[in-house]
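Engineer: Listed here are the chains, written in short residue letters.
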Amino acid sequence: MTLNIDPEAPDSIVRRDFLKKLSAASAAAWMSGSPQLVRGEGIARPEAKADACILLWMGGGMAAPETFDPKLYTPFKKGMKADSVLSTFPAIDTSVDNIKICAGMEKIAGVMDRGTLLRSVVQPDLGSILHSRHQYHWHTGYVPPQTVAAPHIGSWMAKVLGPNNEVMPSFINIGQRLEGVGEKEELKAFTTAGFFGSEYGPMNLPFPEEAASAVRPPESMTESRFSNRNKLFRQLVDRNPHRDFASDFQQESLMRSMENAYRLLSSKERDAFDIEREPKEVRKKYDTGRFGRGCLLARRLVENGARFVEVTTEYVPFLHWDTHANGHDTVDRLHKEIDEPVAQLILDLEERGILDRTLVIVASEFSRDAMMEGKPGSTANDQATHKVDQLTEMKHYGLHRHFTGGSSVMMFGGGVKKGHLYGATADERPLITVENPVTITDLHATIMSAMGISPKTEFTVEGRPFYVTKDGTGKPVTEIFA
Amino acid sequence: MRKILSASITSAFLATAQAEVDFVHQVVPILKEHCSECHSGAESKGGFSMNTRALFIDDETAVPGKSHESYFIDLIHDSDPDYQMPPGDYPRMPADQIAMLEMWVNEGMKWEEDFTFGTPTYEPPFLPRRPKLPTITGGTNHPLDRLIDEYLLLNDLEKMEPVDDSTFIRRVTLDLTGLLPGPDRVRSFCGDTSPGKRQALIDELLADDLAYTEHWLTFWNDLLRNDYTGTGFITGGRTQISEWLYQALKENKPFDTMVQELIAPADSASAGFINGIKWRGTVSAGQTLPVQFSQSLSQAFLGINMKCASCHDSFLDRWTLDDAYGLAAIYSDDPLELHRCDKPTGATAKANWIFPEIGNINPAAGKEERLSQLAGLMTHPENGRVPRTIVNRLWGQLMGRGMVHPLDAMQTEPWNEDLLDWIASDFQDNGYDLKHTLRLITTSAAYQSKSVPQEEINDAESYQFRGPHPKRLTAEQFVDAIWQITGNAPASYDAPVARGVIDPALIEQLSFESSWIWGPSARPGPPPHGEKILLRKNFSPNNKVRSAGIIAAADNAYVLYLNGQKILDGSQWNELDAAPVANSIKQENQLLIVAENRGAKPNAAGAFCAVRIEYEDNSDEIVMTDETWQVSQSVPPGSRPGKWNLDELTWTSSVSVNVPQWKSATDKRIGKTLARASAGSDRPVRASLLKADELMRALGRPNRDQIVTSRPSELTTLEAVNLATNGDLVANLKKGAEKLIRAFPAEKLVESIYLSTLSRYPAESEENFASGILGDSPDTATVTDLLWAITMTPEFLIVR
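Each protein sequence line maps, in turn, to chains R and A.
Going by the working numbering, the first sequence opens with residue 204, and the numbers climb by one from there.
Going by the working numbering, the second sequence opens with residue 283, and the numbers climb by one from there.
Chain R on its own, in the form it takes in the complex (with noise of 0.2 Å):
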């Protein structure tokens, strides 16, 4: 039997072609275990606006109304009512006369007629708030736990793009540490290739500045007893005499990979994971710390090849942007870290003519309120470290309870429109989105399009169809872009 599909039609989605290979036996087999198979070859793709993408990401719960979207600045004063608090930051002009962002982000509102503003990106309420289930949202597109591994957006890209040059790694994550601090096991749980397998999984480096170890010879080893080494592997790859035993594709999938491996290893592009080599004065700009120095990496990956790339201000329970207390001074530290790296790698970006087909992205996993937990109606726990009615001391001022309501997303590049504003929350608390709400699954497919990846896209697995926007349903904001 065959399938009937009219290739003329228009838009025609020729989908589940695979099945067409399998007969009715083997559908069971196809149930589970089995290595998962491309679906939606067929899909259109849409026309690929960005060729590369870097998610800067600012983990823990970055208030809008610090940052994106200031509301009333209202100066800390002892014995100030809690719910008086809006932004404690005042706001400042930008290069797009009606966008204005917090004080303390002067670089970053020089380059706002680079990108565009999304100020109404809404969360789901998921009960009681934890940043990992939020961010595993935010970075997988599906809300944990799953009956599979989801994989990250990254090694979607991965996975159904691959690598801009070939020697570099697709996907690569700068920044976060997954040992040794909080809630690491559901760090990893989405930092992961999932059931797409380890191939397309994230290159880590939680250290921009030891970034280059990752891809040197080992310590103590010079670079002729490394290419030494590898040409004795090969000889005794060559003078083995059980080559036949395993098959040919097992075989060589070890040899290619030992062979894609030392292809980066000596390579020049592997120059691009020193910062080092950047003159000082380059350097200098970036140095805010690692984020800034990951910053940096980022530029320099994706000028060779990477495709996608997440630098990180780390998460880490309790610190950076997770301001459970003292959120002002907090927010105060962290805008000296993002502000100049930000509108740098902008700059440089734009310098070297690649920005217009690079998708820079600064987002987190929800915003801040000074009061309210969760958004109208939701029922999670209050988990600010302070519950004051007024403010007797500095560490009460700031943003401290998470808010899903509405959160900003900045994006630069990639095709999208260049000094615009998408969106916008309430002015007086709750300070919901009360225009073009965008919802995670809506914003995912609006970052698939731009890179040319149709939001329907999907696998199989165990059986199921695993979708890159949750079950296929992700619908573009087309608006956004030029």
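To be clear, the hints were calculated from the coordinates, so they are not data collected in a lab.
Check each hint, because a few of them may be wrong.
Dumping the calculated PhoX-like pairs for lysine-lysine here, alpha-carbon to alpha-carbon at most 25 Å [as the list claims (entries may be wrong)]:
#, chain 1, residue 1, chain 2, residue 2
1, A, 973, A, 954
2, A, 1017, R, 434
3, R, 434, A, 1016
4, A, 883, R, 280
5, R, 310, R, 620
6, A, 1017, A, 848
7, R, 310, R, 487
8, A, 814, R, 387
9, R, 434, A, 1030
10, A, 625, R, 678
11, A, 632, A, 314
12, A, 868, A, 848
13, A, 973, R, 387
Sample of chain A residues facing chain R (criterion: CB under 8 Å; computed from the structure) [stated by the list, open to error]:
#, residue
14, 511
15, 559
16, 1008
17, 1076
Where is the CB? At the ideal position from N, CA and C, for every residue including glycine.
Using the hints provided, position chain A relative to the given structure of chain R.
Structural biologist: Relative to chain R, chain A alone:
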């Protein structure tokens, strides 16, 4: 123009306006709901069957591309009860479903090739079968070979070639114990001329309880998604079954007892499997604890993918939402409402077992009773599915592919039903003895034959058995092999299990009260938050040490060093960490603890540690934190105590602090934990006992958040990058190289390297080549690099 559907579609999956109709997920459920009762399978009322697309469009019942010319659509729209479909006494089809069918017809009636509403061609037997063994044709009396010889004959396949001794010893040692055979054992085995030597080797390996346990632990941890760290532990939403599992394997607990203890746990030791992983906050209906229970037990023990059916009736096998929830309700504490695709249906699930031919659950019984009834049904003598599923997994582990493939799809036809059924009933008849079945398989000529390449396309229908398949070393096997070659396994391990044998009297004897200390700030206290102190104590053993163990805990965090080597760290005041330390004890010893008080304001702080040393004369000694320990209020930077100048610090006496909560949390566990740590084992630590690190994860050890029953068969680029740049690996191999150079004269070195890595003698060309590389006086770097190169070759990474 496509019709735009209203947003009120309530069928299984929502369609977006632009979407093509998805036959399997959008059309099949509608047809199943309204039409299949009379027009599918054996039913063809009115002469109409929709089993296949050809039958569906027969007689223009449907006209692809033209819904208005399709007779069945007319009938659905018909308002005359005598003509309309479904018939008048059935509920009407909702308008949105009709619209969906029309859209499907208009789009050309897409249909998955070979999809049928008919009954599947194969339905596996549920009851046990005891096939008669064929007459001996191949000269062997081994029951499996009699069955396989007949299979080969019937399928016109060539007889398999036996494998040589050195391949066999490497294969069987890795398969049964996860380890490489030692070079001496390879020599003696290959030189042995007695006919029963393979049988004897198999018996020897299976009798090595420790090696067996620590290898098969990996298989069972994957199958039961048990691990020493992972999602869920942080919020107390998950518990380990590690110790229970370890002891079960060590004593070769019958599998039916294991299943009973997992499904109807008598205490918390084996409860982690059914209790699943509870995340904080709300979760989707398909991942509540009862539904996880349904999915886990179906997958692990029945080879059923219940994940599809726990969202909606499965489109690809016979399991339904009711089946999935029937199992879930056995576990559920409260009445359980059915959810279809995360939306409540209004119906309440009734506790129900899915193979009622052997009995059922009493839904009115309490939870404990229901679980106990389920455990009884799972291990019922007439339940053939559970034994088939597990023996198929064992076969898959040993042979590289199951008799039923994939392992989790037991509804698939095996390539030899008699073989599967014979092994399964033999397993039952021998008391569900796992080692018995492992022995049965490994003693067969089929297992002991040359491996055949596994093809990439490998579907159940065209597969023919021609011998075992090569298998890639697991992450744990690779890491263990490196440690074996280099003699450099770590000193401590993470699994909370006792490797040695523990005498209950010893637990009693070691059940003393803890004593905790801190610096001067604790008197009167409480110590400031953020305070970091350094505690030290010197001690010397007064006799020859036989074994030693250490335990420690601190409020809030600590790192413990013995003679400059990091032994333990932790940040849970209510958890005792433990490690064996016999190998680290010297004549003069120094214990150092870096302890830290955390929190937002001054609060109680304390550290506790105890070392137990057992001497060869059976006496023992305890060194415990007390006021004889010294404290420094400044801690040098870094994490390498060897570089600290301790004499420059100001040392004072420590202060005894005892908080009742600490003692009540730790004291009752001191005896057991310390006995376990000091019982230890003189055998090197195995990778299966450690938390997954980056290397093991890269080599395919799964995050055990889901059940994973097969490991990846390919090496990936990132893994290879890691193996090529990994400095620890080089340092490790260097130690191995030094060891080999010391132990063997230059002319014997190549042979020894080949024997300890590939378990075989080098071929002449290899011997000549490698000797040429090493020269007359081999240096460490060259031997290190040769070891690296060999361990990267496919022959090393694959069990052939």
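Engineer: Next, verify each hint and record whether it holds.
Structural biologist: Each hint tested on the structure:
Distance check on the hinted pair: residue 973 of chain A and residue 954 of chain A sit about 22 Å apart at the alpha-carbon level, within 25 Å; holds. Using a Cα cut-off of 25 Å, the hinted pair residue 1017 of chain A and residue 434 of chain R holds, with the two alpha carbons roughly 22 Å apart. Restraint check for residue 434 of chain R and residue 1016 of chain A: satisfied, since their Cα atoms lie roughly 19 Å apart, inside the 25 Å limit. For the hint pairing residue 883 of chain A with residue 280 of chain R, the CA-to-CA distance comes to about 24 Å; that is within 25 Å, so the pair holds.
The suggested pairing of residue 310 of chain R with residue 620 of chain R holds, with an alpha-carbon distance near 19 Å, which does not exceed 25 Å. For the proposed pair residue 1017 of chain A and residue 848 of chain A, the alpha carbon gap of about 20 Å is at most 25 Å, so the pair holds. A hinted pair counts as satisfied when its Cα atoms are at most 25 Å apart, and residue 310 of chain R with residue 487 of chain R qualifies at roughly 15 Å. The hinted pair formed by residue 814 of chain A and residue 387 of chain R meets the criterion: a straight-line CA distance of about 24 Å does not exceed 25 Å.
Between residue 434 of chain R and residue 1030 of chain A the alpha-carbon distance is near 24 Å, which keeps this suggested pair within the 25 Å criterion. About 22 Å separates the Cα atoms of residue 625 of chain A and residue 678 of chain R, which keeps this hinted pair within 25 Å; it holds. A C-alpha spacing of about 23 Å is found between residue 632 of chain A and residue 314 of chain A, which places the hinted pair at or below 25 Å, so the restraint holds. For the proposed pair residue 868 of chain A and residue 848 of chain A, the alpha carbon gap of about 15 Å is at most 25 Å, so the pair holds.
Straight-line distance between C-alpha atoms of residue 973 of chain A and residue 387 of chain R comes to about 13 Å, which keeps the hinted pair within the 25 Å bound. The interface hint given for residue 511 of chain A is met, as the beta carbon of that residue sits about 6 Å from the closest beta carbon of chain R, less than 8 Å. For residue 559 of chain A, the suggested interface contact is upheld, since its CB lies about 6 Å from the closest CB of chain R, less than 8 Å. With its C-beta approaching chain R no nearer than about 6 Å, residue 1008 of chain A sits inside the 8 Å limit, and its interface hint holds.
About 5 Å separates the beta-carbon of residue 1076 of chain A from the nearest beta-carbon of chain R, less than 8 Å, and the hint is met.
Of the hints listed earlier, there is not a single one the structure fails to meet.
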